[in-house]
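Engineer: Sequence:
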Amino acid sequence: MMRQRGFTYLALLFMVAIMGAVLGATAVVWRTMNQRDKEQELLFIGHEYRRAIGLYYERTPGAAKQFPKKLEDLLEDKRQTTLTRYLRKRYNDPLGSEKEWGLVPGPGGTIMGVYSLSDKTPIKTGNFDEDDKDFASASSFQAWKFVYQAKAAPAVPIPVAPPAAAPIAPPNAPPAVPPSP
0 MMRQRGFTYL ALLFMVAIMG AVLGATAVVW RTMNQRDKEQ ELLFIGHEYR RAIGLYYERT
60 PGAAKQFPKK LEDLLEDKRQ TTLTRYLRKR YNDPLGSEKE WGLVPGPGGT IMGVYSLSDK
120 TPIKTGNFDE DDKDFASASS FQAWKFVYQA KAAPAVPIPV APPAAAPIAP PNAPPAVPPS
180 P
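Residue numbers (numbering that gives the first Met the number 0): 0 to 180.
Hints in this document: simulated from the structure, not taken from any laboratory. Worth double-checking, as some hints may not be accurate.
[Said to hold, decoys possible] Think about it this way: if two alpha-carbon atoms lie no more than 30 angstroms apart in a straight line, the pair counts; the simulated DSBU-like pairs of lysine-lysine are:
(1) Lys144 to Lys68
(2) Lys144 to Lys77
(3) Lys88 to Lys119
(4) Lys37 to Lys144
[To be verified] Distance windows between CB atoms, simulated:
(5) Arg30 to Asn91: 33 to 41 angstroms
(6) Glu97 to Asp36: 29 to 37 angstroms
(7) Phe127 to Glu99: 18 to 26 angstroms
(8) Asp118 to Phe13: 37 to 45 angstroms
(9) Ser136 to Glu97: 34 to 42 angstroms
(10) Val15 to Asp36: 27 to 35 angstroms
The structure displayed is predicted, hence computed values, not measured ones. Cβ coordinates follow ideal geometry from the N, Cα and C atoms, glycine included.
When you get a sec, could you build the whole thing from the sequences and use the hints?
Structural biologist: What follows is the structure in structure tokens.
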């Protein structure tokens, strides 16, 4: 009867070891899925910030275009006569521990884009949109910069005047004599 207790105890230890290995593998899969979800969220939020910065820039009153000076300017554009919101709320960085964004500086202390402050290595390394094609070679999320690139104004053709025509002589006038050397 004492020998049977030993086998039961050994079977229980074996069962605990198998459950530990299964739980460990499940944790790795769960962590990977969680990071993939956060990467998708980062791409969505980054595109929203890029779009909002672009709208803010393009809808600048007057001829001189401006980028926002702070992210809060995207929540309420005070340059407009009517209430204009390019974002409904200020999004947190889904991967950063401080929930703050890195800012891509623009001319005159403005903001041209945002990026995550996380130094983790991305899982996604390909199949990006055309605007995000540089993300494929990124070694960390800090290289995923969501920057609005202002489109160059289309070139307006400059009208060219036709060449001046030689004066037309009256029909009964003598032929013009070239000057002598």
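Engineer: Hint numbers the structure violates, sorted upward?
Structural biologist: 5, 6 and 9
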